[in-house]
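From first to last, the protein sequence lines stand for chains A and B.
Residue numbering for the first sequence follows the working numbering, starting at 1147 and increasing by one per position.
Residue numbering for the second sequence follows the working numbering, starting at 9 and increasing by one per position.
Heads up, none of these hints are tricks.
For the chain A half of the interface with chain B, some residues (derived, Cβ under 10 Å), not all of them:
| no. | residue |
| --- | --- |
| 1 | G1197 |
| 2 | L1198 |
| 3 | P1218 |
| 4 | D1220 |
| 5 | R1221 |
| 6 | M1225 |
| 7 | Y1230 |
| 8 | A1231 |
| 9 | Y1233 |
| 10 | P1234 |
| 11 | L1246 |
| 12 | L1248 |
| 13 | A1293 |
| 14 | R1296 |
The hints are simulated quantities; they were obtained by calculation from the structure and are not laboratory data.
Computed from a predicted structure; not experimentally measured.
Each residue gets a CB set at the ideal place from its N, CA and C atoms; glycine is no exception.
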Amino acid sequence: MAEVTLRQVVKKYGDVEAVRSIDLDIPNNEFVVLVGPSGCGKSTTLRMIAGLEEITAGDISIGGEVVNDLPPKDRDIAMVFQNYALYPHMTSFENMAFGLKLRKFPKAEIKSRVEHAARILDITELLERRPKALSGGQRQRVAMGRAIVRNPKVFLFDEPLSNLDAKLRVQMRTEIKRVHQKVKTTTVYVTHDQVEAMTLADRVVVMNNGIIEQIGPPQELYHKPRTRFVAGFIGSPAMNFIPCTLEQHGDGLRVRLSDKIALPVPASRTGRYRPVVSKELTFGLRPEHVTEPHQGNGASGGDSNFAAVLDVVEPMGMETMVYFTIAGTEVCARVDPTAAGEAGATMQLHANMDHMHLIDPATNMVL
Amino acid sequence: MSTAAVSVPSTRAQTKRSSLRRSRRWALIASYVFLIMFAIFFLIPPYYMVVTAFKTDAEVAHMATNPWIIADGATLDQFKILLTQTDFLIYFKNTAIVTVAVVCITMVVSVLAAFALGRMKFWGSGLLATGIFLTYLVPDTLLFIPLFQIVKAVGLLNSYWGMILVYPTLTVPFCTWIMIGYFQSIPKELDEAALIDGAGHMQMLTKIFIPVALPGIIAATIFAFTVSWAAFVYPMAFLYSSDQQVLTVGTVTSLIRADVYKWGMLMAGALLAAAPPLSSTRS
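Modelling step: build the complete structure from the supplied sequences, incorporating the hints.
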């Protein structure tokens, strides 16, 4: 059990800077997910923590000890890889016991640890099978077992669910969360899937172009993104971004999206936004905050209602996604299936402005 | 009406399926015909060898008999004479010693070299790997001239220990090349997992890479074995005493005297000499 600290960590491959001076503090037992698009530096960061990549500059500490020059085996970490990396010539038991054998643990201790981990992961009956005879999910469990038996200070997961099919991925996600609740250990988990990040993490670290865009609990990232990148990356379908100008309207402010659509800014935010009145900005609103007007959202006839001609309608069962354009920008709304019109029809929609975001296009920062 | 609508495509599908079956059958027949032709072509020399080895000298010399069958009854005379009245057993022993030593040296050197070149990226590793393979392309008929000087300089001329020194020039490059391919095909996460599990490079090689690459190691071993067992040019150039000679050259030089060919014993010797490589290939 240990905290992990990254101080101004840099990784360069020749002239290319993969990780640009990042700082990160992971307290003991916390489950942190590094998330971001391909090439953002998240896997490189994980591999630097593991000791599989040398760091160009900065310090990495595990449990208060700087581990920059320590080989992976001396860092007391365990890692689960995307392709499981199970030794194909060994049984599940031997795979899980390998690290303990190398560390010269007594046989009885090895057996008891492997059996304990197997019980946690429900793979007791698979211990004598080789990886070839296991399904993807079972292999992933054995790979997790190999990590658990070592009882390391830190668990590292490198996109462990990417090779699984969609259904199994959801099952294993829950499994990983359950295992973390049972085996409380500091965990760093890398994924490009923001749903995985949101569901698993105590805190999510959003990375982009080698820097950390934002660190925070899932709900905070979702509701209070600091940058346009985070606002767009977290949430599915992604947040709508529409060019706008902010204008004075009586005592209040309005966001003008097009000649016909101008939406009122909630009174609680007028103070914050007043300095950027009449500036070119980007308006951000999640699809779930653009819905059909109804009594529930208090918007049956409000100013935040507008009419849109639907381009595409995607029924999803419990909800329907409708797509339309505002001033040439495609916008997605999440509406009740019974309220959704057909493609080509005009539909009355309501923007829940309490959840609006304004972004400065010059800095890409959320205001 | 609906029946008709369904039956037309279904008939078409059946026609297509039967046409596919027919074309597959013809492809199989053609394959078998060619395979049998090749098998017959390549089995004629061994068959001739076996048949001749079990004939008497008189039958071999008799021009009127059919050379493809044993007309006067099979005999083990050729084997008896070969094993009791010639140095064949000495050649066999020498060859076995040389081959076992060469296979051991080759596998140790090429597995270590391939592991270093295939998995431990260092400056010039790619160039070195290509260089090693290029040395394999130099034929032994050219190499034996400079090697003669080397073998002479180290005092191993006319000693089968000299063969243990020079055969690896034939076996190591190719075996290293085979093993580099095998080692490179193993996912890099496997050695990373081993590193994290606490393995050093030697443990990684012995506990992970060698077991995983066992098929490649077996293939390389068989190659080194057959090359050492069947080498002809180097022993021909470097060995001249009967007590140091190996099977390939020894059998030929002792059983062909000027224009006198002891065909029966030559074939018996060839048959016995071919047995170990054949059994190694089978295993």
